[in-house]
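Visitor: Make a model of the complete structure from these sequences and hints.
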Amino acid sequence: MTKTELILKKKLDIYILFVCVFFSFILIFNNNNQKIQKFRSSALDTFSFVYQPFNWLDNQIFLIKKLEVLSYENLKLNLENQILSSNKVENERLRDLLKFKKRNELNLIGADILSKGVNANMSSVLVDRGLVDGIERNNAVLSSRGVVGKIVFVSNNHSGVQLVSDVDFRVSVKIMPSEAEGIMRWIKNDICEIAEVQSTSDIEIGDIVLTSNLSIHFPESLPVGEVVSIHKKSNSSNKVVRMKLFSDLATLNQLFIVRKGE
Amino acid sequence: MRVYLIYFLISIVLQLAFAELLTVNGFQPNIILLFIILSSISMDNASRSTMAGFFVGLFSDLVLFNGFYLGLSSLVFSVCGYLSSQVSFNFAHRNFDLYWLILVFVGSGLYSLFRYDFFFFNDMIFFLKNWFSVSIYTSFVGFLITRAFRVKQLVLEDA
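Sequence lines, in order, name chains A and B.
The first sequence: position 167 = 166 (numbering that gives the first Met the number 0), numbered continuously.
The second sequence: position 5 = 4 (numbering that gives the first Met the number 0), numbered continuously.
Mixed in with the good hints there might be a few duds.
Among chain B residues calculated to face chain A with C-beta under 10 Å, some are [what the hints assert, rightly or not]:
#1 Ala16
#2 Leu20
#3 Leu61
#4 Asp122
Derived by calculation from the structure, the hints in this document are not laboratory data.
From a predicted model like this one, the values you see are computed outputs, not experimental measurements.
Glycine is no exception: its CB is placed at the ideal position from the N, C-alpha and C atoms.
Guide: Structure (structure tokens):
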């Protein structure tokens with residue numbers, strides 16, 4: 000055995016570790032590569048059956064609780080709907096009078112959560128809608144209460160949703176009625192922070208937060224949450240606003256994906 | 000190899016069960032990390048355990064929908080597989096629990112470091128909360144699993 004072979008054999012473990020770490024980094028830095036995305040999509044489609052029994056079990060165990068929540072939400076929404084219906088007629092009449100451009104209706108499609116992700120902290124979920132349902136990357140995702148995330152990858156029959164609670168998630172929002180705009184990011188539980196809000200803007204606790212028209216991927220005026228605290232940053236002309244999400248991320252089951260185009 | 004595969008399948012079932020049904024405050028134990036540590040701890044072949052870590056991590060990222068950073072689990076599991084196999088060189092019965100507990104904390108720490116790098120630099124308390132919550136939950140489940148499956152005896156027989 001030559002000297003080189005001996006050294007190689009002696010340090011083989013370290014070399015193997017180095018190669019594995021090197022390939023892992025290559026994968027991490029090429030997550031957006033088309034080929035890797037395609038490979039990942041087909042792997043997800045092929046193995047999605049592993050989630051079905053657990054998803055079914057989850058539905059059975061928490062069925063009564065889910066029904067209770069849905070009944071309560073239904074009642075609440077019915078009451079709100081009655082008020083909003085009368086406001087809608089008035090609003091449309093006034094918009095017609097002012098010759099405002101007609102707003103497009105959202106093209107929503109319902110989706111069931113297949114997996115909440117095998118991750119330490121829930122920041123993404125897998126849903127049962129994909130390319131065949133007209134889903135595209137960066138489509139906005141809503142719960143019955145408001146924005147919960149966006150699509151980050153799509154396969155034929157499934158899609159991955161990056162939730163608001165992901166540390167890398169950002170969305171441009173406006174605070175109503177002042178229409179102050181800022182960038183929202185998640186902080187903890189159901190609390191998010193809106194940065195870059197002008198200190199001169201008139202914001203109060205309880206104000207509603209909606210998606211702004213500056214967002215590339217999110218349609219304007221989708222409900223996000225409500226303001227819970229406001230404080231001024233020292234040495235800055237901006238305010239920091241904290242808001243509570245309308246959606247409860249811990250009890251997500253059915254989602255709605257906003258499709259583009261139509 | 001057959002035993003390894005059986006335990007791997009059990010780990011997948013447990014991981015999915017915890018992911019769907021037993022999350023506590025959004026946190027869930029990392030059973031696959033536990034599997035890599037406990038299966039590598041008796042391996043004196045570090046190359047094999049490192050590669051096993053890499054491929055199990057890749058499988059975990061691809062099939063178990065481990066968030067959306069493909070490659071992160073392979074990285075963490077490779078390192079954990081390598082470190083675990085180093086333990087086998089000075090393995091001692093009384094230190095068994097201590098070894099795997101430390102490795103669970105190291106693995107979860109590495110995972111958190113890559114996943115929550117933003118908080119590492121901006122909100123250390125939140126970063127530590129994430130790290131310790133996952134580590135403690137994984138350790139708790141690890142204790143139950145090692146006792147239920149008599150892992151200590153199995154590892155000692157292998158070592």
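Visitor: If a hint holds in the structure, say so; if it does not, say that too.
Guide: Results for each hint:
{"no.": "1", "hint": "Ala16", "result": "holds (6 Å)"}
{"no.": "2", "hint": "Leu20", "result": "holds (6 Å)"}
{"no.": "3", "hint": "Leu61", "result": "holds (4 Å)"}
{"no.": "4", "hint": "Asp122", "result": "holds (8 Å)"}
Comparing the model with each earlier hint shows no violations; every hint is respected.
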